[in-house]
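S.K.: Next come the chains, spelled out residue by residue.
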Amino acid sequence: MNPILTAECVGKTFAGRRVLSSASLRAVPGELRVLLGRNGVGKSTLLKIGAGCIAPDSGSIHFAGRAYLSVRLRDLAARGLFYLPDHDLLSTAFTVRRQLEMIRRQFDGRDSVEAAALMGIASHLDKRPFELSGGERRRAELAAVFVRRPLCLLADEPYRGVSPKDAEDLTKAFSSLAADGVGVVITGHEVPTLLDAADHVSWCTSGTTYELGPPKIAIRNESFRREYLGSWFYSRAI
Amino acid sequence: MRPNPLVVQAYLLRGALLWLVARAAIAGALVLAGGDALTLSTTALVEVVLLIVALGWIETRRRRESALLANLVVSPILLSVFFAGPALLGEFVLRFAAAVLA
Numbered sequence: 001m002n003p004i005l006t007a008e009c010v011g012k013t014f015a016g017r018r019v020l021s022s023a024s025l026r027a028v029p030g031e032l033r034v035l036l037g038r039n040g041v042g043k044s045t046l047l048k049i050g051a052g053c054i055a056p057d058s059g060s061i062h063f064a065g066r067a068y069l070s071v072r073l074r075d076l077a078a079r080g081l082f083y084l085p086d087h088d089l090l091s092t093a094f095t096v097r098r099q100l101e102m103i104r105r106q107f108d109g110r111d112s113v114e115a116a117a118l119m120g121i122a123s124h125l126d127k128r129p130f131e132l133s134g135g136e137r138r139r140a141e142l143a144a145v146f147v148r149r150p151l152c153l154l155a156d157e158p159y160r161g162v163s164p165k166d167a168e169d170l171t172k173a174f175s176s177l178a179a180d181g182v183g184v185v186i187t188g189h190e191v192p193t194l195l196d197a198a199d200h201v202s203w204c205t206s207g208t209t210y211e212l213g214p215p216k217i218a219i220r221n222e223s224f225r226r227e228y229l230g231s232w233f234y235s236r237a238i
Numbered sequence: 001m002r003p004n005p006l007v008v009q010a011y012l013l014r015g016a017l018l019w020l021v022a023r024a025a026i027a028g029a030l031v032l033a034g035g036d037a038l039t040l041s042t043t044a045l046v047e048v049v050l051l052i053v054a055l056g057w058i059e060t061r062r063r064r065e066s067a068l069l070a071n072l073v074v075s076p077i078l079l080s081v082f083f084a085g086p087a088l089l090g091e092f093v094l095r096f097a098a099a100v101l102a
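As given, the protein sequences belong to chains A and B, one line each in that order.
Just so you know, we're using the numbering used here here: the first sequence kicks off at 1 and counts up by one.
Just so you know, we're using the numbering used here here: the second sequence kicks off at 1 and counts up by one.
Just so you know, these hints were derived from the structure itself, not from any lab.
Warning: the hint list may mix true and false statements.
Some, not all, of what chain B presents toward chain A, calculated at C-beta under 10 Å [as the list claims (entries may be wrong)]:
| no. | residue |
| --- | --- |
| 1 | V7 |
| 2 | T60 |
| 3 | L69 |
Values in this document were obtained by computation on a predicted structure and should not be read as measured data.
Note that beta-carbon positions come from the ideal geometry of N, C-alpha and C, so glycine has one too.
Turn these sequences into a full structure, and let the hints guide you.
M.R.: Below is the structure:
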């Protein structure tokens with residue numbers, strides 16, 4: 001299937017440090033893709049560029065059939081992209097219910113109570129996000145995604161600060177979104193969780209990205225094993 | 001795509017609250033200095049509105065709402081209008097009140 005989002009040959013330099021030289025990002029409808037890589041290699045930067053949060057120095061972005069040299073998140077959001085940043089998405093100023101309703105009314109989305117129930121946070125709808133635990137906040141953000149019903153979801157480290165049970169539930173939610181035809185791309189370091197859920201693995205290293213394919217094939221890549229997974233993980237996986 | 005009434009209402013209210021607090025502080029300072037607390041010069045009015053917009057942006061940044069607002073298709077210009085609107089209206093009401101009292 002054709003990608004809904006493509007960022008091609010992306011380059012980005014911060015204060016003289018070249019973070020990305022020729023990296024690519026693809027979101028394909030119906031696929032859960034994971035972008036892996038060591039800390040500081042530019043995974044979040046690549047996701048932010050794909051989401052239109054920061055402009056690339058070089059490269060182009062294609063979303064839903066349109067090409068952009070530089071684009072803003074709000075323009076992509078209007079066309080069906082949803083971005084979960086590497087910090088809390090929901091504002092501490094409003095209740096979860098109000099924010100889900102904002103999204104529902106903006107996009108004629110799914111019922112917010114139904115989405116909250118789906119993510120197991122129905123009893124927290126009238127709380128503000130700062131009253132929730134880390135896992136509950138991540139669930140509330142996923143509820144926002146379900147309300148929005150996007151074409152494409154980019155989630156930057158969505159498993160941060162969550163318990164294994166919450167991680168399992170989040171994984172089910174991401175898989176369910178992909179099964180509904182959403183193009184999902186996730187970053188993170190929770191390798192077993194991410195590889196269990198993923199349809200496709202991309203590896204970000206040395207300013208570029210490698211499309212490694214399905215997890216079973218990806219973990220057999222010698223460089224990926226040596227430079228990212230480490231021998232302990234590989235011995236367990238095999 | 002226009003923002004929905006819930007978003008508009010939330011940020012207009014924030015703009016109004018910021019204006020109320022800032023304007024009360026300015027009025028207090030003007031009273032202490034022996035000036036007219038109700039009516040501001042046009043230059044001061046513009047400065048107050050710019051101050052409210054700046055405070056609104058600081059508050060939005062402090063609460064890390066940029067991604068949420070962008071996901072809701074709210075542009076920075078529109079957000080500035082939400083903050084400036086209540087301040088302009090408030091100053092207009094104060095000018096009208098001062099004129100009636102005079």
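S.K.: Would you mind marking each hint as holding or not holding in the structure?
M.R.: We went through each hint and held it up to the structure:
1. V7: 5 Å, holds
2. T60: With Cβ-Cβ at 9 Å, under 10 Å, it holds.
3. L69: Holds: closest Cβ of chain A sits about 8 Å from L69 (chain B), inside 10 Å.
Comparing the model with each numbered hint stated earlier shows that all of them hold.
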